[in-house]
Amino acid sequence: MNNTTYDSFSSHVFEEFEKHITDKVFKMIEEDRNLQKEYLDLVALKGRATVNRWLGKKIKDHYKLRSIKPIEGTPDAIQIQGHTMLKK
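Under the working numbering, the residue at position 19 of the sequence shown is numbered 179, and the numbers go up by one with no gaps.
Possibly wrong hints are sitting among the right ones.
Dumping the calculated DSS-like pairs for lysine-lysine here, alpha-carbon to alpha-carbon at most 30 Å [to be verified]:
1. K217 <-> K248
2. K218 <-> K197
3. K187 <-> K218
4. K229 <-> K247
5. K197 <-> K224
6. K179 <-> K197
7. K206 <-> K218
8. K217 <-> K184
9. K229 <-> K187
If you anchor each label on the Cβ, the simulated ranges turn out as follows [claimed, not checked]:
10. G207 <-> N163: 47 to 53 Å
11. E175 <-> A209: 26 to 32 Å
12. R208 <-> E232: 17 to 23 Å
13. E232 <-> H172: 36 to 42 Å
Since the hints were derived computationally from the structure, they do not count as laboratory data.
The C-beta atom is built at its ideal place from N, Cα and C for all residues, glycine as well.
Kindly produce the complete structure, drawing on both the sequences and the hints.
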């Protein structure tokens, strides 16, 4: 494989990951007992919608992504009802 092929492949992998990063972050929280407790504590204080919007914005800011369009279908993470496709 030449570098062009590696670069093309890695770009494709990262683009696909970025599209679903919000769902993946929330799924990670769901599967980690400590993160889930922290998340639920915040939800108890501020409400699920507020916490989810805040975390979604932090994901975009941290990875320097922008919103493209809502993703159709049900996310894997149970904490969210939908998410937006993100891209650099």
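Results for each hint:
1. K217 <-> K248: holds (14 Å)
2. K218 <-> K197: holds (19 Å)
3. K187 <-> K218: holds (16 Å)
4. K229 <-> K247: This hinted pair holds, its Cα atoms lying about 10 Å apart.
5. K197 <-> K224: Holds, because 27 Å separates the two Cα atoms, which is no more than 30 Å.
6. K179 <-> K197: holds (26 Å)
7. K206 <-> K218: It holds: about 16 Å lies between the C-alpha atoms, which stays within 30 Å.
8. K217 <-> K184: holds (15 Å)
9. K229 <-> K187: holds (20 Å)
10. G207 <-> N163: 47 to 53 Å: holds (48 Å)
11. E175 <-> A209: 26 to 32 Å: holds (28 Å)
12. R208 <-> E232: 17 to 23 Å: Holds: the Cβ-Cβ distance is about 21 Å, inside 17 to 23 Å.
13. E232 <-> H172: 36 to 42 Å: violated (21 Å)
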